[in-house]
Structures are given as C-alpha cells and as structure tokens.
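Modelling step: build the complete structure from the supplied sequences, incorporating the hints.
Line by line, the protein sequences give chains C and F.
260 is the number that my numbering gives to position 7 of the first sequence; each next residue is one higher, with no gaps.
246 is the number that my numbering gives to position 115 of the second sequence; each next residue is one higher, with no gaps.
Keep in mind the hints are simulated off the structure, nothing from the lab.
The structure displayed is predicted, hence computed values, not measured ones.
Don't take every hint at face value.
[Said to hold, decoys possible] Straight line, CA to CA, 25 Å or less: simulated SDA-like cross-link-like pairs of lysine to any residue:
#, chain 1, residue 1, chain 2, residue 2
1, F, Lys451, C, Lys423
2, F, Lys440, C, Gly268
3, F, Lys440, F, Ser495
4, F, Lys440, C, Gly310
5, C, Lys423, F, Ala366
6, F, Lys440, C, Ala336
7, F, Lys440, C, Arg294
8, C, Lys354, F, Glu493
9, C, Lys354, F, Ser495
10, C, Lys423, F, Asp357
11, C, Lys354, F, Ala366
[What the hints assert, rightly or not] Sample of chain F residues lacking proximity to chain C, with all beta carbon distances greater than 10 Å (derived):
#, residue
12, Asp358
13, Arg374
14, Asp464
No residue lacks a Cβ here, since even glycine has one placed at the ideal position from N, Cα and C.
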Amino acid sequence: MRVFIVDDHALFRAGVRSELGAFVEVVGDAGTVAEAIAAIRELRPDVVLLDVHMPDGGGVAVLEAVREEVPEARFLALSVSDAPDDVIGVIRAGARGYVTKTISPEELSDAIERVAGGDAVFSPRLAGFVLDAFRGEPAAAPSGADPELDQLTPRELEVLRHLARGYLYKEIALRLDISVKTVEAHVSSVLRKLQLTNRHELGRWAMERRLDQ
Amino acid sequence: MSGLAGSLRSRDGAIVAGVCARLGRRWGIDPLLLRIAFIALAFAGGGGILVYGVLAVVLPSRLGPGAILRRGGANWKVAAGVGLLVLALLLALRSAGLWFSDAVVWPVALGASGVALLWRQAGALPVPAASGRSPRTVLGIGLILGGAVVFLSATNAIRGLGHLAVALIVVLIGSALVFGPWWVRLSQALTTERAARIRSQERAEVAAHLHDSVLQTLALIQRRADDPRQVTQLAREQERDLRAWLNEQETAPGAELGAALRAAAAEVERLHAVPVEVVVVGEAPVAAPLVAAAREAMLNAARWSGADKVDVFAEIGEGKASVFVRDRGTGFDPGAVPADRRGVRESIEGRMARHGGTARVESSPGAGTEVELELALR
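Here's what the structure looks like:
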C-alpha cells in the first residue's frame, strides 16, 4: 500500500514517516498545497494523509484539486483541530475519515488500511460532531432533494453512539449482534449522508469554514 | 453658549432669579418648559416679565427636599400640557389686546422652544457624535426653522429670499467640493487608526497569554526532558488549556454541562496522568449529581483499570442526559466487589438513585469497564 503525507510541519511529516515505515510504504510527502497537488498527480498514491490546516486553502484545497484526476486515491484527514467546521468541511470535500494527531501509530496504520479498503474511519470526536449535526429536525428540503439523506436510521445512530463511546468496529459488532461488515456498511452510509445531505447545520459549518479562509 | 449651558446646572439650576427652577422643583415639572412659557409670555405684551418679577420676590428662595425632577417618558406629556397652557394664555392675551404683533410673538414662541430643546441636549451628558440625529434634535431644528419661516413670511421678507437661497446653496455646494475630500480623508484616517489600535491591543493580549502559558510550559518541558511521563503530562495540560482559551467565546449559556464534564476530566487527568477524551453532543445546564458521578467513574477508570486512555461520551437530548465512561483496562467482576468499597456503590449508583437517575456498570475481567449514567433533566 502506497501512502502520501501532506502536512506543513516538517517535524510532523518526519515523525509519521518513521512511525508508519514498519506498516506501510510511504511514497512521499509535501509541505504545501501546490507541492501536494503536483506530487499526488504524479505518484498516484492509494491513501493520502491530509492535514486540515495549511496556508493557501488547507486540506480542502488539495482534495478539490485532485479528487477527479486521481479518483483511486483515498483521503484520511489528520488534524489537531477539534472545531466541527474544520472537520466537517474536509469530510464534505471528500475525505473518508478524520483522526486526531494524537492517535497511536498502530491505530493510524489500522485507519489507513480501513480507508484504503473503501471504508470510513470515524474517531469518537467525529462521531460526536455527526451526531450533533443530525440532531433535531432536518432542513426544509428543496425540491428534488432526497429526504433520506437528511436523517440517520436508528441503527446508524446506534453505531455512531458506540463509536463516540470509544468502541472498535469488532466490539460494536459483538454488542449489536451484527457482523463487522454490517458495521462498516452503516458507517459508510453515514459518511455518504454526511457528504451529500443539505442539512442546514452542515451548511452552516461549511459556510463558517469558507469565511475563515 | 457653553457658558449658558454650564450655568444651567449651577446654583440649583437657576438662570436669572431661579424662579423657573424653583417652580419646576416644587411642581415636579422640567424647569425648561416653564422657561419657554415665560419667554413666550414675555414677548406677548410683556406679561411674562411682570409675572416673573412678582414670583421672584414672592417665592421662598429655599425649597425643602421635596419634589424631585421628573425625567423620562412622562416628560413629553407634561411638555404637551404646558405647551397647550401657554398657547391658551397667548391666545387669551392676543384677544385681550396685550400683544406686540403676530409677526413677532409666534416666531419667537416657536424659536424659543426649538433653541431650548437643542441647548438642553447640548448641556446634558456628553452625547456621542453618532446619536446627533435624535428626535429631540430634529424637533428643535424644525421648531427654529418654522419660527424663522413664520417671521419672514409675516414680514413679507420671503419674496426677497429667493436670491439669497440660491446664493446660499451655491456656497454650500462650493464648500462641499472644497472640504469634502479633506473631510473624507480625515474620517478614513480616524477609522484606520482605530482599527490598528484594536489590532495591536489584541496582539498584545495574545502575546501575553502565550508568554504566560505556552512559553512557560516549553521551558518546563526542556528542563524535564529526561522524564517522558512528566513531559507528556505537561504537554497534555498545556494543550487542554490552550484549547479552552481558543474556544473561550464558544461556550454558550445553557451549555455548561459539557464544560463541567470537561473540567472534571481535566482534573482526573492532572491527578492520574491518564488522558481522558470527552465528546459531548447537545447542550444542557449543569446537573451536579451527574457530573459528580461521572467524575467518580473517571477517577476509578484512571486509578484502577491500568488503561492508557479513558473515553467519555455525553449525549443530552429529549429531557435526559446520558454519560458513558469507558476504559479498555483490566476490568473487574462487579459481583465480587466487597460491600465496604464505597466507590462504585455509594458515589455512583447511590448518588444517581438519590437524584432519580440510574447507573449501570458493565465490566468483566480483561475486557475493560463501561459506566453508563442516565438522569432526567428538568
């Protein structure tokens, strides 16, 4: 598996590189948005570890530039930020998960594998944000919108609550008496809804993110 | 004018002999209204001067601390009443023949009211420039202009006014062209200067905070570099502090439960050097028993489980709050806890039950522990 690291802190890139070396092949890294876009186009990695906060538009700018040209690359957001607008912004731009930078090397390589396999990776914090975003009444849907996207099913809510409580996929499967594959399917479905819904809470977050820049 | 405005407040508010001030104080009426009335009456055949003189002699010069000057909403009603009384008196004097001329009395009455209103405004508390266009100012200017127009039309001077008006407008436009750019530049410079001052103040505040917190911690970390456990703890504590500072403005009123849980987690973290991750969904005011029980559960997890991390998840909604405290530590057999161990039984289960909530402890050796707390919110 070929991994690419994007982060504007050289020390952090070096640290992740050496930590992950034992688990995956790190094919390159970049410290700026422009460098990252050029290198990802050329190297076509499987997974990109993407910093949310960078000068010149941050992770969202990288995602928007290469998403269509390099469709096989999956993105995992990695950040110290715990502001929902940052995190939700990069997920809605196409990242398949979000983990905080304090994550252990084992957990990080596990998350990379999961993302490479097409699954979503939700840290407890992200699960909390999503639960917050889908609370209350859905937005007044404009005509043509799929109302199903605005709501989570009871099962999806249950899975998210377990993620927020710090349970792993296999523990959740055991507790809810379903297979790990089913848990993954629920999480992926939540991710899809998160990216496609036009609930106003998410719109608000995305808007704040844009105003920030 | 400023001298007059100043004397308005001196010597118990007296201007000439203090008649209006004293009457106003005694009747609880703004003396200003009485002054307008006396001036108007003075021009209406001189009656006002006579009455004023008599009152100045007759009225006791010292008044007890009786009536207090009334201010605020009722003022307008009193003003209207006094105004109508004066109008009635003027009309009565007019029909009685004690009258100079229509061309003098009406304009003076109008103008005096307007001037009094404007001066009154200027003599009051310092008025910020932005509030210059209050209804009172507009009314005052309107009254003065009305008085001027009435005077001019009554003396047939308004016909010659046409040329004067044209000249005046030309002069005004000319000075706007000359002074306009200068004035705009001045106000822009003021705005820029103000923004720069605010920016530098904010910058100083940020610098002060960073100096007190982050730089101190970094210095400590350099000195303790040989003790990884302490370095981690220092870094963690500083991180929490910095995040709290960054999110300072975001803690809304009514969202204190999440803040209280975070504070409890920080305390446990400090005591036992185990990271406690808190995720809160929803908002509610503090529910003290819930926070105390959650804190106890966090303490137990940090102290006994041996886990390297504790997860706390709180969800608030639909009239109840749930808190989950989970660790991936050694776990224990809840049935085998001796009855005299008060931690779980008293501080968590007993406390929740006393406040109408529930507590559930799920644990087995080797699989970690999860404490679930639930409390109905009023």
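Going down the list of hints, with the structure as the test:
no. : hint                : in the structure
1   : F:Lys451 x C:Lys423 : 29 Å, violated
2   : F:Lys440 x C:Gly268 : 22 Å, holds
3   : F:Lys440 x F:Ser495 : 18 Å, holds
4   : F:Lys440 x C:Gly310 : 33 Å, violated
5   : C:Lys423 x F:Ala366 : 32 Å, violated
6   : F:Lys440 x C:Ala336 : 21 Å, holds
7   : F:Lys440 x C:Arg294 : 39 Å, violated
8   : C:Lys354 x F:Glu493 : 30 Å, violated
9   : C:Lys354 x F:Ser495 : 31 Å, violated
10  : C:Lys423 x F:Asp357 : 38 Å, violated
11  : C:Lys354 x F:Ala366 : 14 Å, holds
12  : Asp358              : 19 Å, holds
13  : Arg374              : 7 Å, violated
14  : Asp464              : 19 Å, holds
The structure fails to meet hints 1, 4, 5, 7, 8, 9, 10 and 13 from the earlier list, while all remaining hints are met.
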